[in-house]
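Asker: As given, the protein sequences belong to chains L and S, one line each in that order.
Residue 1 is where the first sequence starts when you use my numbering, and the numbers rise one by one after that.
Residue 665 is where the second sequence starts when you use my numbering, and the numbers rise one by one after that.
Since the hints were derived computationally from the structure, they do not count as laboratory data.
The beta-carbon is built from N, C-alpha and C at its ideal position, and this holds for glycine as well.
Do not rely on the hints blindly, as some may be mistaken.
[Said to hold, decoys possible] Derived Cβ-Cβ restraints for the label pairs, each shown as a range:
1. S/Asp-676 / L/Asp-226: 20 to 30 Å
2. S/Asp-676 / L/Lys-250: 36 to 46 Å
3. L/Ser-621 / S/Lys-713: 42 to 52 Å
4. S/Lys-720 / L/Asp-497: 16 to 26 Å
5. L/Thr-610 / S/Lys-713: 55 to 65 Å
6. S/Lys-713 / L/Thr-5: 36 to 46 Å
7. L/Arg-654 / S/Lys-713: 57 to 67 Å
8. L/Asn-198 / S/Asp-676: 22 to 32 Å
9. S/Lys-713 / L/Ala-254: 50 to 60 Å
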Amino acid sequence: MLIKTITVENFLPFQGKQHIKFSTDKDRNVTLIMGNNGAGKTSLAQAFEWCLYGKAPKDTVQVINAFVRDRIAPGAYRYASVEIEIEKDEKIYSVSRRQKYARKENGSLEKPAQHEFAIFYKEDGETRQVAAGDRGSTINRLLSNELSHYFFFDGEHVKNMRKEIEQGKSSDFADAVKTILGLQPIASALGHLKATGNRNSVDRWFSKQLDVAGNADLEAKKKRIDTLGKTIERVGEELELAEDDEELAKQNVAECQRLLRENAESEKAQKDVERASALLKQARVAVTTTRGDLFRLFRKQQYRFLVERPIRDAKEELADEDKISKGIPSVDDKTIRFILERGECICGTKFETGSDIAKHLYELLDYVPPKDLGTYISEFDKECRLRTEGDFTFIDDLAEAYRKYCEAGNSVKTAEKAVEKAVAFLESLNSVDVGILRTNLRKAEEDRSRAAGRVATARRQIANAKNEIATLDSEIKAYSAKSKRNQEITHCLSYVDYIYRYLDAYYKTHEASTREQLRDTVNKFFTEMYNGELHLSLDDNYGVAVTVDDIDTSHETWKTSSGQTLAIILAFILGILDIAKAQSEEDDGLLKGDTYPLVMDAPLSDFDKTRIGTICNLLPSVAEQVIIIIKDTDGELAEEHMKDRIGRRYTIERLHDYDSVVKE
Amino acid sequence: MASLGDVQLPDDVDRAKANRLINWILDLEDDNDKTARYDDSAMIQKIGKQIKDEIKCL
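Between the sequences and the hints, there should be enough to build the whole structure, so can you do that?
Answerer: What follows is the structure, encoded as structure tokens:
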């Protein structure tokens, strides 16, 4: 597609008719339009979109030139208009849009009329008008509104594209890129030839025409096929969800494993802490046990230890019989009591009750039979033997128990130091709790296992349903082949099936390779424009992620300068233009690529001089046609770099307020 | 990934006719993607009829 001319009349700052003829020369494909600030450069850029799509310039209510509007006499009218000539597929289209502004007799301005939109085209030497109902589709065929913002390039579009590129997840964005790259028609054809679920499609359109009426069994089979189709659609959705969940769980598992690997040292340190803590616990138990042993030994043996010496002394003492025998031979207690009752001793001495003699006699009762001290001594001796029999190793045993107790105490101190050291080392590494990581890993693995189970079940259900459909189809076809009409329909279905499989394989092969090619081309242009460490990658939806060398920043917000952003957008547009152009030149390819012009309003203002040079070399070599509307200072630079590629030059001069003219 | 080599031509399908149909369908889809002139139902009928016509022609 080439833009041949634009004519503006009474449009914004332009009074009367201003005409620009763009260069369509392949070698000199650049048209340079320069102007000072306020001359009307942006208004000229806006004229393209107003004419083609009726898009009103931003912040502008009326497109008519204010000077002209104010001089419309009462009862008279004037038009604001733009006409663009476009060449596409060897046809010349003339697209015009105008709007009538009329003044009432009372001097006030009427509400602006509806746009008058017309398209003419020349074919076989004749000029024909496109019918009113076909104008929108004709414009979209030339350059659809959805795609226009890639090729009418100004500050507003750059802002919108920056959002699209940064988010990169819009399916509309992906569809637009696929359309430019020629992939979309194949995707649309696949959707029409065969559809999942209950949607209509060409194969179903044919199948419905099979004559199976009257055969209840076949009707039931067709109903069953419909039911199975719904099942496949439903289970297919479940499968997608399960696959997403499985993918997510896999990522989680990988992330947990990565974190665990990264924290292997922490894990070892954590284990050291646990081991040292276990040893400390054991040592503390040993302290309690040995202390218990020590106390038990002491409680059990202390009595013997304390009494052994007094017993020995007592026995030595008792061994001297003279010291213990205070009794009177052959005198017993009856004799003493007789004397006490008589009040007169054997020697004839009389005494009174309570006298010293009586007291002495009472004391004697303790030393004469039956209360003989020998009995006690005998009992005492026996008791002493019992309490002191056997070897007595109390001191040695006590020393041994105490040694063990001290040893256990020392072990506790050693273990406490080991725990302290291990904890300090763990804390010096980082604060990641490896235990939590292990728990997370186990949970992620459980999630993955569950999702994998769901995926397997869904796939099995889908495969079973497909097998059953295939069996039912072949049964229906076998029956259908019996009539001539059904044979024709079955034949058509064979074509549908083959074309679908062919396009499906073609799409899968080329979509991946085109995306790869686009990524390489975009990077090539970006590197030429911005020779740094930044590189670009593309996701499945053609979203652009900025990478720094090999570091992926797609999950982060990567702040680029306005120059870098503009370079990314330019590289992306040039990339799709380059591939679309290459595909349009291939005769045997099925990809419907096309060529597009670039209309750029102030594209160089964010670049330095070196990059302006690079971009000026790139633009005309990639785009089929370049129209640059630019301020004088940047224009001189552009002119210097593109002098061999500039086919036409214009300047916009502002003569007065609301009076700008275009000069070649 | 499936490749074009894996797509076998059935016995009752003529390669030349199939290729003509593929190009015709893609031209139609390309135009309709840009113009949105036909809805899905109309597209399915147009493609179906074209397949019928192509197969009948000698």
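Asker: Now tell me if each hint is right for this structure.
Answerer: Each hint tested on the structure:
Checking the proposed 20 to 30 Å range against S/Asp-676 and L/Asp-226 shows it holds: the Cβ atoms sit about 26 Å from each other. One distance hint, 36 to 46 Å for the beta-carbon pair S/Asp-676 and L/Lys-250, holds here, with the actual separation near 44 Å. Checked against the hint of 42 to 52 Å, the C-beta distance between L/Ser-621 and S/Lys-713 comes to roughly 45 Å, which is consistent with it. At about 18 Å, the CB distance of S/Lys-720 to L/Asp-497 agrees with the hint of 16 to 26 Å.
Taking the beta carbon of each, L/Thr-610 and S/Lys-713 are about 59 Å apart, inside 55 to 65 Å as hinted. At about 41 Å, the beta-carbon gap between S/Lys-713 and L/Thr-5 stays in the expected band of 36 to 46 Å. Taking the beta carbon of each, L/Arg-654 and S/Lys-713 are about 59 Å apart, inside 57 to 67 Å as hinted. For the pair L/Asn-198 and S/Asp-676, the beta carbons lie near 28 Å from each other, so the given range of 22 to 32 Å is met.
Between S/Lys-713 and L/Ala-254 the Cβ separation comes to about 52 Å, which falls inside the hinted range of 50 to 60 Å.
The structure fails none of the hints (numbered hints given earlier).
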